[in-house]
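Peer 1: Chains as they are written, first to last, in our numbering: chain X, 138 to 563; chain Y, 138 to 563; chain G, 138 to 563; chain L, 138 to 563.
Because the hints were derived from the structure by calculation, they are not lab data.
All of these numbers come straight from a predicted model, not from anything done at the bench.
Mixed in with the good hints, there may be bad ones.
The list treats identical chains as interchangeable, and a pair is accepted whether it falls inside one copy or across any two copies.
Unchecked claim - Lysine-lysine pairs mimicking DSSO-like chemistry, simulated, CA-CA at most 27 Å apart: (1) K151 x K169; (2) K409 x K339; (3) K556 x K139; (4) K539 x K273; (5) K277 x K309; (6) K151 x K383.
Protein chains: 4
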Amino acid sequence: MKIDQNLIIDSNNKNLQTHQSHFNFLADSLSKKGKNVDAIVSRLKDFQVAIPSWALGAGGTRFGRFSYYGEPSNLEQKLEDVGLIHALTKTAGAVSLHIPWDIPTDYKAIKELANDLDIKFDAVNSNTFQDQEKAKESYKYGSLSNTSSAIREQAIQHNIDVINIGNQLGSKSLTVWLADGSCFPGQNNFQTALQNTENSLKTIYKKLPEDWNMLIEYKPYEPNFYSTVIQDWGTSFMLANACGDKAYSLVDLGHHLPNSNIEQIVSILMSKGKLGGFHFNDSKYGDDDLTVGSIKPYALFLIFNELVYGMQNNPQNPDLAWMIDASHNIKDPLEDLIQSLEAIQEAYAKALLIDQAELKAAQLNNDVVKCQEILQDAYRTDVRPLIEKARLDAGGVVHPIKTYRDLNIRNTLIKERGKNTVATGL
Amino acid sequence: MKIDQNLIIDSNNKNLQTHQSHFNFLADSLSKKGKNVDAIVSRLKDFQVAIPSWALGAGGTRFGRFSYYGEPSNLEQKLEDVGLIHALTKTAGAVSLHIPWDIPTDYKAIKELANDLDIKFDAVNSNTFQDQEKAKESYKYGSLSNTSSAIREQAIQHNIDVINIGNQLGSKSLTVWLADGSCFPGQNNFQTALQNTENSLKTIYKKLPEDWNMLIEYKPYEPNFYSTVIQDWGTSFMLANACGDKAYSLVDLGHHLPNSNIEQIVSILMSKGKLGGFHFNDSKYGDDDLTVGSIKPYALFLIFNELVYGMQNNPQNPDLAWMIDASHNIKDPLEDLIQSLEAIQEAYAKALLIDQAELKAAQLNNDVVKCQEILQDAYRTDVRPLIEKARLDAGGVVHPIKTYRDLNIRNTLIKERGKNTVATGL
Amino acid sequence: MKIDQNLIIDSNNKNLQTHQSHFNFLADSLSKKGKNVDAIVSRLKDFQVAIPSWALGAGGTRFGRFSYYGEPSNLEQKLEDVGLIHALTKTAGAVSLHIPWDIPTDYKAIKELANDLDIKFDAVNSNTFQDQEKAKESYKYGSLSNTSSAIREQAIQHNIDVINIGNQLGSKSLTVWLADGSCFPGQNNFQTALQNTENSLKTIYKKLPEDWNMLIEYKPYEPNFYSTVIQDWGTSFMLANACGDKAYSLVDLGHHLPNSNIEQIVSILMSKGKLGGFHFNDSKYGDDDLTVGSIKPYALFLIFNELVYGMQNNPQNPDLAWMIDASHNIKDPLEDLIQSLEAIQEAYAKALLIDQAELKAAQLNNDVVKCQEILQDAYRTDVRPLIEKARLDAGGVVHPIKTYRDLNIRNTLIKERGKNTVATGL
Amino acid sequence: MKIDQNLIIDSNNKNLQTHQSHFNFLADSLSKKGKNVDAIVSRLKDFQVAIPSWALGAGGTRFGRFSYYGEPSNLEQKLEDVGLIHALTKTAGAVSLHIPWDIPTDYKAIKELANDLDIKFDAVNSNTFQDQEKAKESYKYGSLSNTSSAIREQAIQHNIDVINIGNQLGSKSLTVWLADGSCFPGQNNFQTALQNTENSLKTIYKKLPEDWNMLIEYKPYEPNFYSTVIQDWGTSFMLANACGDKAYSLVDLGHHLPNSNIEQIVSILMSKGKLGGFHFNDSKYGDDDLTVGSIKPYALFLIFNELVYGMQNNPQNPDLAWMIDASHNIKDPLEDLIQSLEAIQEAYAKALLIDQAELKAAQLNNDVVKCQEILQDAYRTDVRPLIEKARLDAGGVVHPIKTYRDLNIRNTLIKERGKNTVATGL
């Protein structure tokens, strides 16, 4: 399905007056404080986050999975879903494919569909953490790090295949998340595993098209429970440096040990020109993959403060590949993704409100109280009218979740697709 | 020093117009959504948090301490400091004494001073984690839990002395924070240590005046690094039950293992009528004792949601003893406390905005997305105008930190007290 | 398959001399230090740990599962597997069934098979964390805690069914592990969820046969990622007290927040007569369900020190239901279980070596260095000869893993069952 | 005091027979398994760990400190204490000075004293986390990372002074532990702080004598509670690379986030030739600075497995500076240090028992069960006879703690020094 533009206009008409009243009051108030509201709205409008192709169905845990109705059962339907989110929010103009779950059968048709929905193909993701039917070799004991060269080669070739698929779609980067590691002390040799990984990544790197990037993800644990080869940003950074200029680290919010200061990692990677991508989600315990901003919104704001700072002050760092990497175990995946997108925009808008010059002055003055006041002043501002304005300017709706429900979108999807479809993926 | 009321009026006059414009807009907007703004402001006005007597000087770590200038060097000056904070914020109308650091020498004079500053004496705190000069017995290996009855008796007597001191000042509760535990496996017998503690607490409990409460704090570690006798809410709850109806658990935000769900603990204790007190601070790693709301303001909001729910639905639970329990290592302690008070009020105000009936309906409907929307709608609201209004109604100032700085209060204190005074305490 | 007793004798004959030499030297050395070696060996021989019926196939994670060859595909084969482990180790003389994965079709036959293998039916486990095909109601939003009485009733009835099944097999306790909780703040009402759970448990409790126990497990998170209704020992203890004398807490090693002092929890529960069961595994990060003793063997020893103390000093506490609750993601499940059993026996044997009287004296003397020396002296002792002796005395083998491999047991199972069978369970 | 050599001989005479019996049995048993016992004993004998000059008095926490009697009150007495430990254990033949706490007044005399006690001067430690009396600038807001060049220069000069002091004593490395960071979000600019730190370190690096190393420590938090400039190994490694070939990372066991895999960090740093030093202690919660091996001895063993592997396979890595960095809050510091030394030797001895060739073969074979068996076989071996033998061969005693007590050393120290002396340091 695709949302009729008239329905969007109707929906907005109901909420326009209230929106305008709030926006005008806020804009006036911010202008008095010297903020350039138009510039902020414009940056919000330009900000686009990729939706991964596996995120449109219900997720689960090792203890089971509860299906959601009307899940997309092929890549076309997944694009349709992203299109629905993008039509409402105008901030999800990209999709990130996971291979082999979502290999296009008709590239031309898929590209036309994406184009029609105003969706770009962002980073493509390889999968060497599961065995595929008919695969010759098993990744049970690792893939790019495996001691067996045959297994490494199969994993390398898979990554090259993924690049080729992405290349036909207009993607410009490959994301490598490596689950390789060990479950028990002694199981593998840390040095050999890292060296093999470095060699494998270098081989893949050589196959990157000229204008592509390689994004190297890190994670401390899960699905391996004793060690992970690329366990932290330091390892990822070291590998990116070993590969070359087009290799970068990718930060996933959920991939850190308890209490990590993620904003500092983001900041340092940007200062070194090596932050290539960012995966959004939220968590309380481990890699919980919850809705962005649902648990620690202030930490997200602090991270965005560093991202904004880096985007303004670190020309050595490339544009980032933004993606939501959450699991939708108990919510309608589309509603969940919309909530995530709103939380991201909120954190971004608030970070844009920080007066960097004033902050720098307070920092130089060691006025710790003032530094905190500056951050909190931005954070405590209710920026929803700014986000609504950016959405409206781009052709989206004032209240995406509300409109999604008013338009009975899930029911329409169930009617079209049936109740018990299951999306490929986790 | 005491702030001249005219200075407060002058200060407010400068900010009144902007405040009123913001308040009116917000009040109007909230009223349209069915909120009773007057009732919320009134509850904010009534909310008073105790300042502990040790919190008015600079804190430190085991690696050292950097002094702040103009620290209070006696109890009178400490009350003066609380008076200054209260005059500005009108939400710090209580002090919580720590014995033996702040034993009054002239009870009548101290009570008159407090009365003059509109400050009540809240819970009194005993200290059996340090040895005092001339003490007969040492607490090196524990106090109320010690295997030596002589040491236990000294610690019990100290708590009784604290009750007597508090009683002369109008306090109505005793807070027992027990550092007892062990640094190494095998060092103590868990069962004996807990049994001794229970017996000691019961002995102290018997000496409580009729209208007093005993508040039992828990903490997983520090200053003992292997085990703590009262390590968690379960142990505290068990001990409170063993003592009797006037014994309660006290929750300190910083006293939990990583990733604890503190709001659930608060909720369950209130449902059982056993939450007696609450200590505010914030932390990223351990018991960091940072400014309230400086690290995890959303978690604080979620906790306040449970506190508000409990205050409305759990008549079995008593009024709580609220206290800030932070350490001021690098900020002016008075500014730090004002920032904490504002963060507390903010979380409280936002929690009061939650429509509990609507939330309950969404919960019954398992509409998880809606539940989140309800909480986030309240949280994303900029409630600062409500807090300003409550402060103004009570005779405080619109912007406490700003006024504190405009009035050069710290400089006046330094002039009056000298630069290098050191407050008793941590 | 069943191992021919002659093969066991053959296997032992090869290793007997070395074993005896080591045992004699150790026994002599321990006797000189005043230890009663016979009594220790005898206690080791008596110690039996249940194998859960779901643990005999490969486990997995939410990212996938790598099968193991020759997995049991029905309850009979699972019993066979437990029988193999028990024949070798003589310490796995019990099985713990998980319902509905392992409902017997022919009770008489199953009981005869178990009897033949010298295996008892220990605690039975209910499952209300997954939806079963044809189930009327879904547990997506909770089971015993659900706001819907129809769902609660279905979950209660399932537990009663489990009791009835267990009763026909000779089980004497029901283990309730409740995954109920929430993934997002606001999703459920903590107080209602706990109250519903308490009421549900009480209803189940009333259906317990006279000589049965109910064991209430707790866990902080997973599969719910914001809150769990029975999140910690305090909640479990409170519920057990509410239910009655036959309700107990069950401790699973992996179900704790980072850095928890589990041995203290074990000790306190035993002192209150409320520790009913214990689930063994090991972990580095979360509920990793790794082989017992593979990550933190010293912590396991400290826990066993408390268990031994409690078994000797807390007559108010019942006999415990011991079970291994690990997941076998990359090892042969049978070998993994044998490694777990050996680690358990090792920790138990070392704990039995602690001179409790000497330890108590050192504790009373606050001789912290000595306390540590006493524990470390026991822990540093190589107790493998004692375990070998206990196994030999009971009819098992000196080196279970070695014999398992020498006898090519896995290959025989693959031949009998086929390569690609999949065991029911996680 | 110095221990009379005859007393050592007497002490050993009492224990020699038992020792020899145990050693012979173990040596025989290990030889049968193909181990070269002499080589292991010889490596144990050669292993020397530095005692830091601040570790000889009682430590404390921010909540207070309980003194120990007979503490050394000057550098000479501190050396004397190290000498006592070394005489007993023969494994503490080095001291690591902390400046400005332990600046020698008479270099010649100090060197003679050290020489007489067979003690070398290992890495010297600078201190820019505290303000010294009469210091011009304060480190309250940072030292090498400070935004003020005057403060940075003072901190740089201090490090250069420390090098000069060390140089006169024969030290060959400077350890830089930087407490710099922030307590609140926004307080400092992460990029500026790191850049300033890098520049400062480079300036110090240039002043290193030709044959010196610079060791850069990292730590996630404390005494700063929001961020630390050198927060993890990745940052330390980056800085060491920026400085040059003589700059290395230093790993302190307690300086990691919960659940960190430290052995992997050690292994990777060695493979890159960048592990320069190692600080021993143990912890359950944070940087608890407990006795080595008292909480997680298996983790220590796994780390030693990597250290041994690296020493054998990574010629690119330098010899390491080993030091105990523990705090002695409730034990006699000398006994505590002896317990630490024994735990270190135990872990080292067990790691030396691992058959690296067999392990490698099992790893290549993905025989995870076997890998674990190999590690556990080594770990479960009671290696105390090997350590006793190494000590005896070097002229030390069989049972250091026992002899220390038998000889009434603490009492002698109290008599010589008085009861209430306080050692400089933490």
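Peer 1: So which of the earlier hints does this model not fit?
Peer 2: Of the numbered hints, 4, 5, 6 do not hold.
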